[in-house]
Structures are given as structure tokens and as C-alpha cells.
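Residue numbers (my numbering), protein chains in the order written: chain A, 4 to 357; chain B, 726 to 896; chain C, 6 to 666; chain D, 223 to 580; chain E, 693 to 981.
Read the hints as simulated data drawn from the structure, not as lab findings.
What you are looking at is a predicted structure, and each value in this text was computed from that prediction instead of being measured.
A hint or two may mislead.
Stated by the list, open to error - Calculated cross-link-like contacts (lysine-lysine; reagent style DSS-like; alpha-carbon spacing at most 27 Å):
id	chain 1	residue 1	chain 2	residue 2
1	A	Lys351	A	Lys214
2	C	Lys514	A	Lys351
3	E	Lys848	C	Lys468
4	A	Lys152	D	Lys562
5	C	Lys468	E	Lys937
6	C	Lys609	A	Lys136
7	B	Lys786	C	Lys514
8	A	Lys136	C	Lys621
9	E	Lys694	E	Lys720
10	E	Lys848	B	Lys871
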Amino acid sequence: MSEAIKTAAPVEGEPMPAELKTAEIPTRRGPAPGDPEFLGALRDCCRSLLAEGHVQRIIAYRETPDSLRPEVAFFASPEETGDLVWDLFCNTNICKYLLDYRTFEGRIGVVVKGCDARGVVQLINDMQIPRDKVEIIGICCPGQIDPAKVESAAGEAWVSRVVAGPDSVEIVTEEGTEMRVPLESVLTDRCLSCRKPNPPVADVVFGEDQKGRISDEVFEQIAELERMSSAERDAFWNRHFERCIRCFACRNVCPACSCTKCVFDQQEPDWLAGERNQANQHFFQITRAVHVSGRCTGCEECDRVCPVGIPLRLMNKKLWKDVKDLFDSPLPGTKLGVRSPLVMWDPKDADSFE
Amino acid sequence: MPVNESAAAEAEMMTEAEMTTDGASGAGADAGTGTWEPRIVAFCCNWCSYAGADLAGTSRKQYPANIRIVRVPCSGRINPQYILRAFQRGADGVMVAGCHPGDCHYTTGNYYTRRRFSVVQRFLEYVGLHPDRFSGHWISGSEGEKFVQTAREFTEKVRSLGPNEKMRDVL
Amino acid sequence: MKRIGVFVCHCGTNIAATVDVEKVAESARHLPHVVFATTYKFMCADPGQKLIADAIREHALNRVVVAACSPHMHERTFRKAVERAGVNPYLMEVANVREQCSWVHRDKPVGTEKAAALVAAAVAKVARNVPLESGKLPVERRALVVGGGIAGIQAALDIAESGYHVTIVEREQSVGGRMAQLDKTFPTLDCSSCILTPKMVDVGHHPMIEICSYSEIESVEGYVGNFEVTIRRKATSVDPDVCTGCGECWNRCPVKKLPSSFNMDLGHRPAIYVDFPQAIPNVPVIDRANCTYYLRDGKCRVCEKVCPTKAIDFTLEDRLVKERFGAIVMATGFQTASLQQYPEWGLGTYPDVVTGLHFERLVSSTGPTEGKIKRPSDGKEPKSVVFVLCAGSRDEARGRSYCSKACCMYSAKQAILLREKIPQAQAHVFYMDIRTAGKDYEEFYMRAKEEYGVNYIRGRVAKVYPEKDHLVVRGEDTLLGRPVAVEADMVVLAAAIEPRADAAALAQKVGISYNRDHFFSEAHPKLRPVESNTGGVFLAGCCQGPKDIPETVAQASAAAAKVVQMFSKDALVSEAQLASVNEAWCIGCFLCQPVCPYKAIQPKEIEERRGRDKIKRTVSSVNTGLCQGCGACAVACPSGAMRLNGFTDEQILAEVDAVCL
Amino acid sequence: MAEKLVTSEGLFTMVEKLLGRAQVTAPREENGIAVFGPVNSAGQVELDGPLPVIPEKSVVFPQSETLLRMDLGGEVPKVEAVEPEGEQVILGVRPCGLQAFARLDRVFLEGAFVDPQYRRRRDHTLIIALTCPTVKRSCFCRAFGYGPSDGSGADLQLTRLPGGSFHLETLTERGGEFVAEMEKEGIAGLTDAGAEAGSAARAEKARVERLAERSAAAVSTEGVVEGLDGMYDDPYWAQLAERCISCGICTYLCPTCHCFDICEKARGPEAERYRCWDTCLFSNYTLMAGGANPRPTVRERLRNRLYHKLNFFNHRYGEFLCVGCGRCVEHCPTNIDIRKVMAKAAARSRAQGVSVNG
Amino acid sequence: MKLAYYPGCSLCGTAREYNISTIKVSEKLGIELEEIPDWSCCGATSAHTSSPLLGVALPARNLAIAEEMGLDVAAPCAACYHNLSAARVKMDRDHLLRKRIEEIIDRKYRGKVKVLPLAEVILSRVGLDAVRDSLVHPLAGLKMAAYYGCLMVRPKGIVDFDDPENPTKLDQIMEAAGGEMVDWSHKTECCGASLSLTGTELCVDLVGRILERAAEEGAECIVTACPFCQANLDMRQAEAATKLKTDFRLPVLYFTQLLGIALGLPAGELGLDSHVVDPRPLLREKGLI
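This is chain A alone, in the form it adopts within the complex (with noise of 0.2 Å):
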């Protein structure tokens, strides 16, 4: 963030989140998710944290016997954590259940991989929950593994067992017959262009840094929509926009969109009405993607979920990179008590303004 930025210097009553954790990347480092001890080590420090009372509930995934969509668990005694699990299975962002515990009493623990725990530093910036009331149990994510092509891939037979190893998996069907597919052709669509796989912030964090996946796919496709001629573009979103169902899934599943009371939602004023034509798909796509700029830490969660599959990423990231452009502010949720750019000003900001 450049000091250039001339923020309204924050004023003695103005409740900057607790306090800020001075030690970003703490000290103690647990082993890999591909290292066969991690799933026993990971058990050990939640079960170690409930027993120790350091956090009342532990919010990760449970195993689901006969399906690849691992479930997302609260746990509340140390014995529960053992059935805890951690694989490439865990797509769900959990980070936003945090706000069901605004006024919980007692810490949280979350385990996170890097989208996840941008989405924590995320809500904790936009003071919806104290930094000290989380406890971040951070995993260098490999990338996961959507559950939709692993079916596709074994064809009719059903999948019983998915091996995953650093760069192929291997897939057990039911009838017992075993293929082995490149990883690369199984990531969910974000993992392939992800960037910060690793928790910025985190209290302890399993597995080293990983690289990521660098691809500028999205950017290029922007790039791509961004040459087109206006009517172009036009009938490029109206084709997408038109599949919109209103169910919200994108804005539900968003860490930047905590209100309760969303605008969406509201009677009066009547902002957004129940009929579906291109006027109100247009509205609610325009005005949820412009709500979470600068706040949108790009998890593409919202992408990840939406049922009719409509391309969120292009919109959310364009906004990200216009964003970057204009006022050079860092990815959101990779730093603590920064405030979203579009609440601060600079002399100097570019002006489209005649």
C-alpha cells in the first residue's frame, strides 16, 4: 500500500479491529497435507486445542462415507475430532460461518487453506469478528479436487476411493477396476489459476509453501471481453445473465457480504424486484459485484457454487484489477486492518471525470 494513500487517519474512538497480532506467520508449523502423518497431526492439535479450553468449537469437515463431498463439522469436545478430516476434497469456504458466532461466547478455531483464510483476515477487517476471538489453524492448500469431474472421468462406474498423490490421482471404482488421471485435469477450475494458496495469517499452519498456479487465463479472457465492441459485451452478459435463478448462493457463500439485511432482501426501498427479466438480473449482478469490490478477496467461492454457471470470476476479478490499477491496494484479506480503497481518498487518484 503505497503511503501516498492519504487515509482518514483512523480517530480515537474508531474501533479498529482488538488487537492486531504483531507475528503474522507464527512460529509453529505442522506437517504437509501429502505427508501421511498430517491427518493424525491436524486431529492432535484441534483435539489439543478443545481439551486445553484454548477454543470452544472447531469448525472443519467430517468424513462422509459413501460420497466425495466431505461434511463441513462444528465440533464442540475433543473427542469428536476424531473423525475430522482434511483432503483435496474440502472445496466448502468455511470462513463465513464465523459470523454465526459474532457473539459467541468463547473462541473459534477454523481450518483454513489460503482462500479460506483470506476470507477470515477479510471479516475480521470488516470488524465482524475480533482477530483474538479466532483461532486460524492454516493448511498450504495443493489445490483441490472437484468431486463433479472425478465422477465424470470414471463414466458410469461409481467411485469408491480417490488417491491422491503430488502430481496424478488415482481414482478406485466400486467394481474395482483403477485409473490414473493427471491432477491438473481434476483441480476445480479456481485451483488452476491460483495464486496465494498459503494462509496469510494463521496462529499455526500445516504443510510448506506452495507455489500456486500461476495462469492468466481469467485476466486474458477480460482482456479479451474488455476489446470487444459494446453491444458485444452486451450480448455476451445478457446470454450469462439470463440463466440467473435468484437463488444467492454467490452472495451467501461471499466473506465480503456480511450485512444481515441484505439490499436485495429489503421491501422498502424496492430495490430489486422478484420478476426475472434482464432489468433486475442486470441489477442484482451489477450491484452485488460492485458491493465487494475492494473487499473481495478472489476465492471464487461464489463462481465455484453458482448451479447455472455463470462466469462471477470474470466480473469479480475485472473489478479487482481496475481496482489495483487506480489505487495500487493489496489483494483484500492478505493483510489485517486494511480498509476496503473505496473508502479512502488521494489527491492524486485518476479522474474519468471531464
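Given chain A, put chains B, C, D and E in place with the hints provided.
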């Protein structure tokens, strides 16, 4: 954003004479001749651009009646959602006007306007709104002429683009 | 039940000429909640306001829309009228169908349709207005006057005489400003210092007036009634309490030859100086940039040695003083234009080409030549002097389109002074139009022409160039229709009056607006000439626009009256249209806080029942004393929990919907 | 009923002919996702893809449709009902879709009030079913007493044969009329199905039935209704709801969900009244004037949805409101699985020893 | 850097020496001048009084050809520079006129080409440092008065070469050439050239006034960049001297001639022999030739 060649060329074709025709009232059939008239909503900040518009009035400067002004205390009060609402309800062009940076009656109001709309303007173009349909201006209380000039140019630009279909939700 | 009354004004013919007011009223009758609609010739006049009151009573109206001139003109008037009739003043909206409709669209059907739409918008908005109460604000009954010239002095005296404390902040060593530099004043030719110095003495000794000379405004925070101003008391190196002003130091100071800016660099002054003999406060200051003690670390110290009362203290530093004021009067005066864009006149290249202020110093008894008019080049007595009017003024192409108002008169005065002091000298005046718009001004101009034989040549000066030992002024005599060349020993340019160089920066510090030429903008040229757009800040003198001394003094007293009027009330009525928080929707993210220019947003602990248990959480809250109602916070708040009363989202959306129909 | 064989080209031309006369809705592919939506050229139809995400109900129960049009400007306010017009054809409905239509018919057409909009659309929609080509692990249609080859409720049924062409059965005389028309217009690929085409179709049907049997094996509706009767205040719902983010995916993707909201849309004197889908997962669904809300937290809302699917509907209509299509299982962002809820309910009913017989 | 060279009729006629010295100086300073093929009159004649359209069309044709060459135009003669620049500005402001002119000259003209007097080329594109570096005989001790005249500096907006009231660019160039410039008040005073035949008496008065001021300020010669001024001040000098009963001998040279000497070009090639008031004695006296 690459300047849209066609619109710039069309605007250039206008001679001075065509520019000063006194536009008629608003969207839909014009009161007299039945030709289509663009509807333009202008959000003006009370202290500068609204006063500029008033000055244009006191100096009896003529400008197209397509412009309809909504007064806000400061350009910092203009929520980007109002722009979307205006287009939803049938506006063909939306203008935002505030005090020149540094002159804001509330000292920093228009600095936030500048930041918000430098992002929102690019994003509106990105999702396919024609760039000539939305524009922002710094117009001070003593710039009646600039208000008139901006009103005329913007109306002609929008007129050349025809009715806006994007986000339109009228019966 | 909302019952809205619509009143469409004819405004004589201003509206009715290009807008069919009956049709507008008719179309308004069909709008939702409108139960009464009528038109009247002059809504702002007494019968018009009475019409509103009667209609409210007869039709039990609880909301009113007046379609008339700009809210800037009569929003206040109609609010009071509605309040007198028992309806909350904020349940009234003005539709601007004059400045923004009838005056700018001549085509009647077009104007009528637009007026109807603007009325529909106002009706839609007023339907969603809620009654608002304006709050009470404490008033700091102390006034700040920025600038110690005649405007500042007069304003300060009037306020102090009404019993309130006044602080004058003057940048120079002494108060007096431009007027102190003048010799005689028109039209009475009485001596400037004779009428100024008594006022300066009054200011110097008035118990309620504190003079901060050699000081500048560092920063201004707060708002009307509660300004917090930081004043930078520049270090004078002289202790004012001890110094008696005996003059030993500035007479014996070895550094003699510094150019005296008070004398427009025609005379000299020592390193420790007072601007002019009648200076108030009569305490010298050390010009640290040229004093040997500061230049050659600690040498000289003559002034310290000779000072009988040991008042010199080289170690004094600048002091930042923070004080609270209820009102500010801006009286920062003017400077004459540098005329660099006019090389053809040679101001700055030929020494005998000077401006009006230079001439004043030459002719003034306290000036460098003790009142004897001498040519700056060789000190000879000029036998022919050419005065050039509109030097830099009324010249759109080179930046100043306005008329500087006082030059015609002071040039005539200077010509008379020249003829009095050097009877055989000949005075020529090149002019475009002589403007004598004041009492006894025309007569004064006639005396200059007939009694003193000043030669007026109607035409602009094209070029001034030296020839042998004198200057040649080439111009045109438009009445004779031929070019003319006048030999002159001196040329006096009536340079344009412009605001101080740092006027814009100061305006931004205080938070007032200024126009293209950097003169401070008055709230309304005719109706509120001495108020700025910012509450509690008033304007007096040339900082608001070129004017002569009588007008300046009148404005100063007017500004003082406004300040006293404000202080006379027990509390200030604060803005009613302020921000307020819907605590149920607020999630305590405080995105609203950094955008508030007045730091009016603080956290607030609240208790809430959720289900069976009670929970405590932090939400945002607005300090109605500080909030000025700009609305930046309402947009920064994603959920709309932060609302700006008077301009809520519902109201603005209602307007947008109605306008787009 | 008559059985035909139609090549994929033949089907292609049939669709082109249909396009001329009616609004055709079929599965098509958008940005890698299969959705049911209007098609304007036969090429867009994708019959082999996975189960479309947006369900078939949008044809007969669109997400928003205008009910009334009003003009209040004049002396006498004018109000006129808006009747849906035109013919519709929905192609590629799978048996779970057909079952869903049957559920919607129970709601919209039975009882005292028949929904005119639904009635009009339902009567003017030709339904061409498709034997389900792909049964996924998340499908459990068999659990509800029907299988992926059960074409009941459709006018025609297509079954993809290994060779690429389709076996076409006409199930209603409306379907028959359509086939006759097609024959009259001479569709090249349309011929009478020979014996071996019939047996190939039956073989294909058997194949998918076996697959469906396997995926629904672990799922049974035994004791679900009874189990739920006893666990309304069970803490299980709070536990389950802790994971739910209360979005609208499960309800808007569910082919049988039929809740809607009615709103007005005013533009000056003119206005329209329309209805649009609503979901009990949103808090606004039960928000009352004054701010009261009988279902304030996610727990009540999630419980309500599951009870409506597996209990309330059953008490009223004697059948489940779930057809086992698996969309909610696959697309729930936090993997809440209705099959597990059924298993839980069944276990609870066994534990309470409630005797269950068929 | 390369420019389209527009000599104009004077430089091919009476102002031949301005043409030679311009070409020589340009070579020395690395300015590549490519003469505009088939250039025609620049409209400086009284054409524009008879038909304003013609006054624009004539220069416009040359501009169009230069635009086809893709080069900016260098026009040493003040009158050519004035008219080419005026045409360009008028067509920029009124695109209907531009379309009309395109029909007349039957060529495309898009207004992409700039017009520069030679002095501007030296100042902004070569740069004074380059001039100082390539000095051979700095004009030490030579006191010059730079005379700008009218066409190169007025009216503002049509020509923007220098400040209309107080131009200094020629002074800067000649100072860079080592000369000593006189600051005098009649730099832009009218010399009456356009009345030299119809109002000779008045023309002599105006010339006399200019030369008298220059002499009074101590100038030893006059430097100019306009064939009109050079011819008029040079030819009328004798009559003016007799009329004012003084005898000043002020050679009137083109700035490129003196610059040529300063850059070490042989005097013979600079056309110093074709002046009424012979400059060579003064130059020899100063040791420059």
C-alpha cells in the same frame, strides 16, 4: 477502454447548427412531432452543479429539455445503484455532476465520488453499457455555460445512440 | 393518510410564459395522494404563502409541493410558511420549474410536459418525507476575523462593540492593510491614514479585540458555531509585552537596504522593522531571512544591545495556537495584478512604469520620497505622467474578464494629486469607459477634468517604449480616430485588483467555495452578499470581489451584523437533514466511518433481544452536532443501514422513478 | 400404442418442424452446464448430457409470469387478466420430470381452486419424454416407486438405442396425432419400429432400471413419514441447519417445488401483477407486517423444506414431494443430503418401534 | 529528423540568399529537408482579398501533398508560414470548409500535418545545445537587433510561433550562436512593407522609426526571418536616413546567414553579396569573414 470509433465519428459529423436545436421533452413520442426523444437523468450536487444549472437558467441559456435533474446534497451521496435504477426505469442516458475536486462544500465528498465512479464507469462499460450513455462532470456554481454545453453534447450523443434497451424495465 | 397539496407559481410571467401552469396543476391532480392542486401568480409573496396556509386548513393537507423557482431561492421561505400553518417544514418539497425548466426551454408544450414531470418527482419524493426536527447546537460566542485591513478592522470593531470577543489574524507586521498604503482617498480627498489610524488605535486598545499580527491560519476544523482554528503565530523575535516601540532597534539596525514590500519595493527598510510609523501593534518584527544573526549564526545582535527594555529574544519559535470560534469573517483583501502577460507596457523592464499602488507610495508623506513625486529611475520631478486604466481588467483573452471597479476613481484622484503637487506637470489618462458609479464620484471626475485639466484620451495603450530620456506612450484616440503618441516621464498602470495569491488554498482550508478568478463565492449575489455557502463563514471587502473603501466598510459592518445576529441567539439551529442509523440493519462494519469529513461517526454499544437471549453488539451512531448531511456515509454503507434524512434512498428512488416515467 | 423408430436426423427435422408451430423447450448446454431452456434451432438440443440443472417445471410454472394488467389512470380503472398463449413442446423430459409434473398437477389442478395459468400451459404442452440415459450415484428415483424408463404422464417417449437412433413410443392419442402429422409431412428418418428395435429399446430400459436400482438401493421411503412425525423438535435439525447457508439452490433446482410470491409492478398509472418463484429458505418468505417472522432462523426454514418434501405433502396427497432426481444433493454448496435425512427419519421410526407395513 | 521543405516564391526569387543559407545551415545541423514536389503558391498574394476560399485552398494543396509525404512542413518565409498555418487552423475549426476544400484541391486532407518556421525547427527539434556544440566562429562582439515583423507572430491563435508582444526565439538562437542581442521595443513594429509601392512616404517613415530605435539601442545590424522585412528595411534605409538627417548603416541579414557564418560555412556560399547595405565590411571588421 477503446474509444468507440463509430460514435466519435458520428458526433463529429454534427455541425454547430445541428447542435443547438432545442430538444423536446423526453422519452416516447415527443409532444409535437412524434419523433423519439432521449430521456436523460442528471444527478447534480446541490452546492455546485445544481447551482450551475440554476445559473444557466438565470442567464436564460437554452438546453435540451431531455435533461431531468435530481438534486442530492453532495456528489458523494450518489449511489451507483441509482444509475442502475434510472436505466431500469427507462432513462437512455445518465449524468453525474459534482463540484471540482478540492471545491467540495463538504471538503472530501467528491473525492469518494471520483474513486467510486472511476471503478463503476469502467464496470458499466465492461458489462456492455455503451460508454456514451453514462458520463460524469465537475461543474462549479459559476459554470452555467459548461452545464449547458455538457447538457447539449450529452443529449446529442445519446440521441445518436437511440433508445437504451439495456436494463430497461418499463411496461 | 398522506394528503398532498400542489401549488404551481406563475412567477409573474417567468414561468407562466413558457409553461402552461394550469395544465401542470391539472396533471398534478391525478398523482397519488394529491388532494389539492392550484396555481398562483406569486407563491413567494405574502398572499401566496397565505394561500398555502388556507389550503392546509381547508383540505387538511399534511404535505406540500411548491412548483416555483430554485430551492436555493425560496425553500426556506416556503418551509417557514408551511411551519406557520402547522405542518412540519420538512414535509414540503420545491419543484424547480423556473431556473431548470421555464427559463431554459422556450417551447411551451415541451416546457409544460417537463414541468409536470418535475412536479410528479417532487410529489413522489414528498410522499416519502418524514417529519424532521432541527437540533440545537451550542454557539461559541467568539469571532475570528481573517485579515487586518479596513474590512477586518471595521468588522472587528462592530462585533466587539456588541460585546463579543474578536480575534484578528493579520499576516503582516501591522494591521492597516491596503488602505494604510494609500495617501488620499476619493471622492473627499481626505487623508487615508487620518481616517484609518484612529480605527487602528481603537482596534489596538479595544478590550474585546485580540490582534494576532504576523500570524496565519494553519487549519480550520468543525462547523458553524463550533469552529476549531489553529493559528500559526510566526516568531517575531521581539517580546510584545516588554517592547515599548521606542524605535531604537530599527533605527540602529545595520542592515538598511532591504526592499520594503509596504512601499512596493520603492523604499528600503532594516532587518528589524515596523511597516509604517503608525503601525499597530507598534512592535517590530525581525525578518529572519535577512537578519545577520540568523544568516551568520549569532553575529551582530545590535538590536539586542540597544534595546532599552531587553525585548529582543532570538530564540522565540513559531507557536501553533488552537482556539474555538463561533463565526469567521474573511477579510483577506486583494493584490494588484503582476501584468506579466502585458510585456508591451514594460512594467518590470522600464523603472518609470509603475502601478497605482507604487504611485500612492510616491505621493504619500510616509512613503520613500516623503510625498514628493519623483521618477523611480533618476529621482527627477516628472513633467508629464500618463495613467493607463483597465490595465489587466476587462480583458477576457488574458484571464480577467471583470472590471476592477475602483481604478477610474483612484486614477482621477492620483491625477489631481499630481497636478496639486506639481502644477506644471501634465496628466494624461488613457481610458475605455470612465465608471463613476458612486455618490459624488461623477462630480470628482468633472473636477479632475475641468479644475485640474487632466487630459482624458479615449483609447487603449498599444506600446510604451523609452526614447532618449523619456518614455513614449503609443495608443489610439478613438474619438479623433487616429493613433496618438504621448511623451511621458512616468506611466502609472491602474493594475487589476485580484485576490491574494493563496486565496484558493485558504478557501479550501476554511471550506468555502470560490469562483474562476479565486474571489470567494457569496451565498447569493443579491440576497446574501456577505454570507458564504458555508454556515458561519462571512465575507467582507475585496476578497469577495473588487470594490472601493465605502463598499468595503459597508460590507464589513453587514458581516459583523450577521455575526452578532448569530451570537444573539441562545443556541444555533442545526441542520435537520442529517444521517441516522437503522440499528437493526447495522452490522458494525464501520465502512461509514472513514468517509465522514466531519468525523461524526462513533461506535455505540447496544443490547438486543434475539430469540430468548439478550446480546450486546457494537453499531454505528451519528453525532448530530458534527454531521452536516453530505451523505457520503449512506453510500459507503452496503446494506443502506445508514440513511440520510431528507435524501433517503426511498426518496431519491421515488424521484428517479417519477422523472423517468 | 404404436412404436416407431426415428433416426437422430429424423428427430432433428421433427424438432425443426415443431419450432415453426410452438415454443420448444429442451435440454441445452450453456457454459458447460446442461439447462432446460427454450431452443430456437434443433442443433441446440442435447439429449445425451447429464440431468439438466434448471428443472422442467419452468415450462409449465415459469419463474415469473404476468397475471393481471391494470390501468388506473382513467376515470374507471381498467383491469384485465393475462392468459398465457401459444403452444409449447417440452422435449427430453426424464421420468423424474414426469413425476414432478404429476406432483405439480396434484397441487395446481386438484381441489377447490384450479390455477388457470397452470391449466392453460399444461393443456397446451406436448410432452416428449426421454428414457433416462444417465443414472448417477445421486439419483434415487427408484426409491419412490418408479424408474428411469417409466414414461407415464408423457405424450411420447423416446429411448436412445445403441445405434444412435431413437425408439419412439406414443403413449397418448395426443402423442399419436402428433406422430401421424409427422408421418403425413414425411419425415425421412421416421419408420415403424421393427421387432429388434423394440427389443433393443426394452434392453436399454432394463439397463437403466438396473443402474437406478443400484443407486437407490440404500434409500428407502420406509418409515420416513412416521419417523418425521416424531422428530419435529429434534436437535438434529439445528445440527443440520448449522451447515446450511440458506440459499435458494435446493428449492429453485427442485422440479417439484411450487411456492410463489405475488408482487405488483407499477409505472405511474399503469401496473402489472405477476407471480414469481419464492423459496421457504429465504427469511422474507415468512416475514409478516410489523417484522414478525414465524421462521426466524435457518433451522426452522430448512426443517420446513424437508418436512414439506417428506411429510406434510404425504399427509395431504399420500405421496412424497421428492422424486429422487438428486439435483439438490449434487448442487448444495454445503453437501446437505436429503437421502441422509430420510435414513435418519427411517431409523428414528424404527427406534420408536412404530410398526410399519407398506 | 526529416521535414517537408516549402521554400515559397520569395526564396526562389528576391530572397535567394535566404534559401541558400537555409539549406546550408540545415545540412550542418542535421535537418533533412525534402522539397514538397510540385508545390504551388502559398496564397500570400492578395488572393485572399478576392476570394477567401482561394486564400485557404492554395496553401491547403501544399499541406495535402505534405500529408501524403507524411512529414511536417518547414516554411522559412514568414508569409508562407503564416498562410499555411492560417489554412490549417481554419480547416481544423470548420470541417465543412475542410470537406469543401478537399473537393476543390481534389486531394484528401486530414489535418495531421504541423507547420513550423525554420527558427522553431532549430529551437524545438535541433535544440540550442546542438547549435552551441557545432559553433566554429561564434559571432562574438557582434551586437544584433532581432526584428520579427508581423506575419510570424500575429494574430495569436492563427500563428503560435512566439509571444505576439514580446517574441524572444530569434534572440535565443542568435545568442546561442555567440552574438550579443539588443533588447529593443520595436521588435514587432510594422515596417510598412505592404505599402512600399502604394504609400512609399509612409513606408519610409515606419522604416526610419525602426532603424532609429535599433541604432539608438546600439545595434550594429538587424537580423530577421522574413523576406518582406529584409527587403523593405534594406532598400528603404538610405531614404529613411536622409529623411531623418542621420546616417545609420545597419546591414539587414537573414538569421540563417549569420548562423551559417557562426557554424563555419564559407561566406561566399551565404549570398552576402546581394544586399543593398553591404554587410561584409562590418563582418570583416568583426573578423567573422
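Taking the hints in turn, this is what the structure says about them:
no. : hint                   : verdict
1   : Lys351/A with Lys214/A : violated (35 Å)
2   : Lys514/C with Lys351/A : holds (18 Å)
3   : Lys848/E with Lys468/C : holds (17 Å)
4   : Lys152/A with Lys562/D : holds (23 Å)
5   : Lys468/C with Lys937/E : holds (26 Å)
6   : Lys609/C with Lys136/A : holds (20 Å)
7   : Lys786/B with Lys514/C : violated (34 Å)
8   : Lys136/A with Lys621/C : holds (16 Å)
9   : Lys694/E with Lys720/E : holds (14 Å)
10  : Lys848/E with Lys871/B : holds (24 Å)
Going through the hint list in order, the structure does not satisfy hints 1, 7.
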